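K.L.:
Here the protein sequences come in this chain order: H and L. If you're matching positions, the first sequence starts at 1 in our numbering and goes up one per residue. If you're matching positions, the second sequence starts at 1 in our numbering and goes up one per residue.
What the hints contain is simulated information worked out from the structure, not anything from laboratory work. Heads up, some of the hints might be wrong.
[To be verified] Computed cross-link-like contacts, DSS-like style, restricted to lysine-lysine with a CA-CA straight-line distance of at most 30 Å:
no.: 1; chain 1: H; residue 1: Lys-438; chain 2: L; residue 2: Lys-420
no.: 2; chain 1: H; residue 1: Lys-397; chain 2: H; residue 2: Lys-289
no.: 3; chain 1: L; residue 1: Lys-299; chain 2: H; residue 2: Lys-81
no.: 4; chain 1: L; residue 1: Lys-420; chain 2: L; residue 2: Lys-493
no.: 5; chain 1: H; residue 1: Lys-289; chain 2: L; residue 2: Lys-437
no.: 6; chain 1: H; residue 1: Lys-81; chain 2: L; residue 2: Lys-114
no.: 7; chain 1: H; residue 1: Lys-413; chain 2: L; residue 2: Lys-64
no.: 8; chain 1: L; residue 1: Lys-114; chain 2: L; residue 2: Lys-53
no.: 9; chain 1: L; residue 1: Lys-493; chain 2: H; residue 2: Lys-367
no.: 10; chain 1: L; residue 1: Lys-299; chain 2: L; residue 2: Lys-53
no.: 11; chain 1: H; residue 1: Lys-96; chain 2: L; residue 2: Lys-114
no.: 12; chain 1: L; residue 1: Lys-64; chain 2: H; residue 2: Lys-367
no.: 13; chain 1: H; residue 1: Lys-441; chain 2: L; residue 2: Lys-299
no.: 14; chain 1: H; residue 1: Lys-139; chain 2: L; residue 2: Lys-390
no.: 15; chain 1: H; residue 1: Lys-289; chain 2: L; residue 2: Lys-367
no.: 16; chain 1: L; residue 1: Lys-420; chain 2: L; residue 2: Lys-33
no.: 17; chain 1: L; residue 1: Lys-441; chain 2: L; residue 2: Lys-64
no.: 18; chain 1: L; residue 1: Lys-161; chain 2: H; residue 2: Lys-139
no.: 19; chain 1: H; residue 1: Lys-412; chain 2: H; residue 2: Lys-33
Here the structure is a predicted model, which is why all the values come from computation and not from measurement.
So you can see what is in the structure, the chains are spelled out below.
2 protein chains.
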Amino acid sequence: MAEEESLRKQADLVRRLKQDKAPQEEIAEQVAKLLDMKAKICPEEDRPKFVLKTPKGTRDYSPKQMAIRDRVFSVIIDCFKRHGAETIDTPVFELKETLTGKYGEDSKLIYDLKDQGGELLSLRYDLTVPFARFLAMNKITNIKRYHIAKVYRRDNPAMTKGRYREFYQCDFDIAGQYDPMIPDAECLKIIHEILSALQIGAFVIKVNDRRILDGMFAVCGVPESKFRSICSAVDKLDKMAWDDVRSEMVGEKGLSPEIADHIGEYVQLRGGLSLIEQLLQDPKLSQNKLAREGLEEMKLLFEYLTIFGILEQVSFDLSLARGLDYYTGVICEAVLQQSDQTDESVSVGSIAGGGRYDGLVGMFDPKGRKVPCVGFSVGIERIFSIMEQKVAASEEKIRTTGTQVLVASAQKKLLEERLKLVSELWDSGIKAEVLYKKNPKLLNQLQYCEETGIPLVAILGEQELNDGVVKLRDVATREEVNVRREGIIEEIKRRTCLP
Amino acid sequence: MAEEESLRKQADLVRRLKQDKAPQEEIAEQVAKLLDMKAKICPEEDRPKFVLKTPKGTRDYSPKQMAIRDRVFSVIIDCFKRHGAETIDTPVFELKETLTGKYGEDSKLIYDLKDQGGELLSLRYDLTVPFARFLAMNKITNIKRYHIAKVYRRDNPAMTKGRYREFYQCDFDIAGQYDPMIPDAECLKIIHEILSALQIGAFVIKVNDRRILDGMFAVCGVPESKFRSICSAVDKLDKMAWDDVRSEMVGEKGLSPEIADHIGEYVQLRGGLSLIEQLLQDPKLSQNKLAREGLEEMKLLFEYLTIFGILEQVSFDLSLARGLDYYTGVICEAVLQQSDQTDESVSVGSIAGGGRYDGLVGMFDPKGRKVPCVGFSVGIERIFSIMEQKVAASEEKIRTTGTQVLVASAQKKLLEERLKLVSELWDSGIKAEVLYKKNPKLLNQLQYCEETGIPLVAILGEQELNDGVVKLRDVATREEVNVRREGIIEEIKRRTCLP
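Start from the sequences and build out the full structure, keeping to the hints where you can.
P.N.:
What follows is the structure in structure tokens.
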């Protein structure tokens with residue numbers, strides 16, 4: 001490339017000068033130049049012999065992406081805090097045994113660490129299992145906590161759709177023995193608040209209950225041993241047509257066509273309170289204890305959601321199944337609704353999901369003591385994608401720093417004065433920068449402000465120093481005023497609304 | 001345990017009642033009780049057969065620890081932002097090749113992921129190498145960024161001293177071709193600001209320069225091939241006496257006793273500007289080009305530090321070497337100073353360190369193009385330990401939530417009214433909670449406020465509902481006033497200083 005070519009040329013030049021017995025001075029000058037060029041290049045043998053990339057399914061966040069990410073996080077964290085949640089953190093890896101037997105068919109997607117002696121470890125697959133382990137380990141029976149952290153799945157990445165192997169989950173859970181459906185309803189309220197605040201378009205929160213599903217399977221004649229695998233098949237209804245799911249049930253999972261068709265009648269139902277009432281009258285379903293329990297509590301849930309005023313975005317949907325094994329009651333999933341004009345709408349699917357899991361903590365307790373839990377997880381990567389596209393479309397200029405003032409100089413030899421002033425600004429809490437050059441050009445300093453969005457420039461010049469003032473320039477309006485040196489901090493604070 | 005014993009007793013009771021042909025009603029009642037108890041216990045076969053713990057060298061953060069952690073982070077992030085830094089994020093694992101050959105002797109401490117097909121991966125060992133990879137990959141030549149994230153080292157943990165296998169690093173780096181020592185000086189200023197703001201006691205920032213060390217090794221007669229390994233030996237001087245380091249140099253590393261003694265004379269020197277001047281006059285050292293360059297720039301650095309007013313906490317220390325291979329210029333390390341009375345002082349050692357690494361980015365660039373960098377890392381776990389001890393000693397009560405008001409009821413059957421009010425509060429941005437019970441006792445609700453530090457209670461009662469008011473109680477003073485229902489949000493906002 002360019003650097004290496006100029007290096008070779010320079011080496012040729014030096015060689016020629018030496019051959020030609022050029023004046024010592026000239027040779028010395030060109031040798032110095034050659035050494036300087038060499039210093040800027042890493043020797044061949046130290047350079048990478050591999051492709052420069054992040055691992056498959058992962059990505060870096062640039063400062064701009066971080067700014068968007070922080071915005072999304074702050075909306076979510078504000079909401080979690082508004083509901084009185086504490087926060088915890090757990091290690092990125094767990095003992096392999098901790099994760100074993102918690103995820104059903106998905107267990108094959110767990111990342112294991114290499115056995116380098118000592119314990120066998122795996123990267124966490126979600127934040128729910130570590131949370132349950134945390135509760136059991138610390139004998140905690142009541143907590144409302146959120147946890148925002150990365151989880152790891154060796155899945156097929158589809159990064160344009162926001163599906164990664166390393167991705168954030170924002171989890172909120174309520175653990176404790178409480179009266180039915182009150183915490184469950186609050187979880188749905190929080191999902192509703194978050195998705196509304198993010199302003200990423202219309203959404204529906206689907207809800208169902210594992211007890212209703214199991215009861216439905218039972219009355220349709222599914223053998224109990226097949227409940228979980230038929231549940232997984234139903235779970236695919238958001239991506240597959242009923243006919244394909246039916247073939248899977250009959251073909252792969254060995255259900256009789258009659259039973260499958262019977263299930264088919266139920267899982268195509270969705271609605272609100274009236275559907276719940278209708279199913280409570282269903283001659284078969286109402287005879288099943290589990291289903292009746294689930295339906296009665298679903299009715300209660302809908303009463304609470306009516307009070308919360310969020311009924312319009314909630315749909316009782318019998319096709320909602322959720323993949324994970326550990327759910328025991330209400331389950332939910334929020335999906336973004338596509339706009340009808342297919343022009344610019346993004347296919348993003350599910351962006352939050354969760355449910356009740358009353359048995360998981362007991363699986364970690366040596367005495368099997370259960371702690372009922374309900375919670376959900378917001379899948380943030382998909383939201384990032386949408387936000388990034390929105391920002392790109394709006395041509396909004398995102399600032400990646402908060403710098404309020406650049407300390408600049410109009411002439412040479414003022415580095416010390418610049419450093420002195422910027423140091424005073426830092427010490428009084430003002431966000432300030434200087435360029436790291438001894439004698440930067442004023443134009444370059446002003447340009448830096450334009451590029452990075454710094455609103456103010458404090459300009460030092462010989463005249464100003466003599467007069468005991470600093471020239472304060474507003475970058476947007478280009479207005480300049482002289483401010484007394486001893487009052488400059490006050491003036492900057494006043495202009496940037498600092499206390 | 002208790003649960004299992006009561007379960008057995010209850011089963012016995014049911015069995016006895018049946019044997020005794022007790023009234024059906026009584027049997028049914030006790031059976032229901034038994035089932036209820038069973039529902040709260042996880043079946044034996046599903047319980048863990050392993051010790052419930054986090055992996056060796058890792059830990060969970062409880063809500064209280066998170067509150068302290070957030071405080072520390074916010075001090076550090078505020079400071080990074082005050083200096084105009086952007087932030088980035090990188091994956092927790094990198095291609096194994098990315099980390100290979102960057103850490104010298106420490107490479108054995110890298111965590112590898114199991115080969116499950118696909119790329120070979122390792123957990124990041126620090127944030128510097130991923131940063132350099134990020135710069136090379138995106139062809140970035142100028143950036144000032146911070147990155148706060150966990151890193152992983154299979155070291156011997158000493159958790160009471162804050163040494164973990166999974167721990168946070170808070171990194172700040174300036175990349176770019178700039179005039180000498182200006183970014184380097186700013187890095188030291190930032191370390192100074194952070195350690196001052198954290199108020200964790202007196203500290204010293206030791207500085208040295210790899211060029212001075214290499215020059216010193218050269219004039220003492222160390223063969224160039226042994227520079228790095230002798231450097232590692234010098235690095236141990238903060239934990240070992242000179243005599244032991246000398247034995248290592250002579251014994252293990254095969255240096256002649258004379259050379260070692262010669263090094264010994266230098267590495268016991270520490271001081272300020274006058275020491276730099278003295279060494280610039282040193283007949284041997286001043287003849288070495290590298291050492292002279294290092295010393296002259298050290299002098300410049302000290303001039304800038306004088307302007308920044310932080311000279312008092314900076315010590316030019318020839319024994320400072322830093323373990324990592326990639327440093328090429330200034331190196332630094334901040335250590336807390338023990339109090340003289342050995343009673344309550346904590347041994348914490350180094351809490352921040354860094355330096356200049358001008359060659360690392362070039363090792364990732366296919367064309368070897370270098371990007372000069374300087375930066376440092378704050379080792380936050382040790383600071384957490386100190387802060388936790390400080391908080392424990394001060395008996396300060398740390399709140400783990402920010403809830404401003406609990407919506408409570410004085411009588412039964414007011415759940416719906418409570419949910420209605422709390423929902424309104426949430427929707428107007430007030431941090432509010434309700435207890436998840438249908439009919440909680442007022443005393444329990446007030447107690448919850450006392451325990452968790454909630455300052456206000458909005459109490460609903462039949463009388464209040466009839467009068468169209470809510471009783472607002474100040475938890476600390478126990479004062480109560482009736483507020484008109486329609487003005488309650490305004491009043492709560494007024495009291496909690498919300499806009």
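K.L.:
Hints first: check each against the structure and report whether it holds.
P.N.:
Hints and how they fare:
At most 30 Å may separate the alpha-carbon atoms for a hinted pair to count; Lys-438 (chain H) and Lys-420 (chain L) exceed this at roughly 64 Å. Proximity of Lys-397 (chain H) to Lys-289 (chain H) is assessed by CA-CA distance (about 58 Å); at most 30 Å being required, the pair is judged violated. About 50 Å separates the Cα atoms of Lys-299 (chain L) and Lys-81 (chain H), which puts this hinted pair outside 30 Å; it is violated. For the given pair, Lys-420 (chain L) sits about 18 Å from Lys-493 (chain L) by alpha-carbon distance, which is consistent with the 30 Å threshold.
A hinted pair counts as satisfied when its Cα atoms are at most 30 Å apart, and Lys-289 (chain H) with Lys-437 (chain L) qualifies at roughly 24 Å. As the CA atoms of Lys-81 (chain H) and Lys-114 (chain L) are separated by approximately 38 Å, the hinted pair breaks the 30 Å bound. Restraint check for Lys-413 (chain H) and Lys-64 (chain L): not satisfied, since their Cα atoms lie roughly 51 Å apart, outside the 30 Å limit. The suggested pairing of Lys-114 (chain L) with Lys-53 (chain L) holds, with an alpha-carbon distance near 22 Å, which does not exceed 30 Å.
Annotation: proposed proximity of Lys-493 (chain L) to Lys-367 (chain H) is violated, straight-line Cα distance about 46 Å (limit 30 Å). The hinted pair formed by Lys-299 (chain L) and Lys-53 (chain L) fails the criterion: a straight-line CA distance of about 52 Å is larger than 30 Å. Proximity of Lys-96 (chain H) to Lys-114 (chain L) is assessed by CA-CA distance (about 12 Å); at most 30 Å being required, the pair is judged to hold. The straight-line distance between the Cα atoms of Lys-64 (chain L) and Lys-367 (chain H) is roughly 27 Å, inside the 30 Å bound, and the hint therefore holds.
With a C-alpha separation of about 26 Å, the suggested pairing of Lys-441 (chain H) with Lys-299 (chain L) holds against the 30 Å cut-off. Taken as a hint, the Lys-139 (chain H) and Lys-390 (chain L) pair is honoured in the structure, with Cα atoms around 26 Å apart against an allowance of 30 Å. For the given pair, Lys-289 (chain H) sits about 71 Å from Lys-367 (chain L) by alpha-carbon distance, which is inconsistent with the 30 Å threshold. Pair hint Lys-420 (chain L) plus Lys-33 (chain L) does not hold up; C-alpha atoms about 34 Å apart against a cutoff of 30 Å.
Between Lys-441 (chain L) and Lys-64 (chain L), the direct Cα distance comes to roughly 27 Å. Compliance with the 30 Å bound is thereby established for this hinted pair. Distance hint between Lys-161 (chain L) and Lys-139 (chain H) is fulfilled; the C-alpha atoms sit about 26 Å from each other, no more than 30 Å. With a CA separation close to 25 Å, the supplied pair Lys-412 (chain H) and Lys-33 (chain H) stays within the 30 Å bound.
The structure is inconsistent with the numbered hints 1, 2, 3, 6, 7, 9, 10, 15, 16, although it conforms to all the rest.
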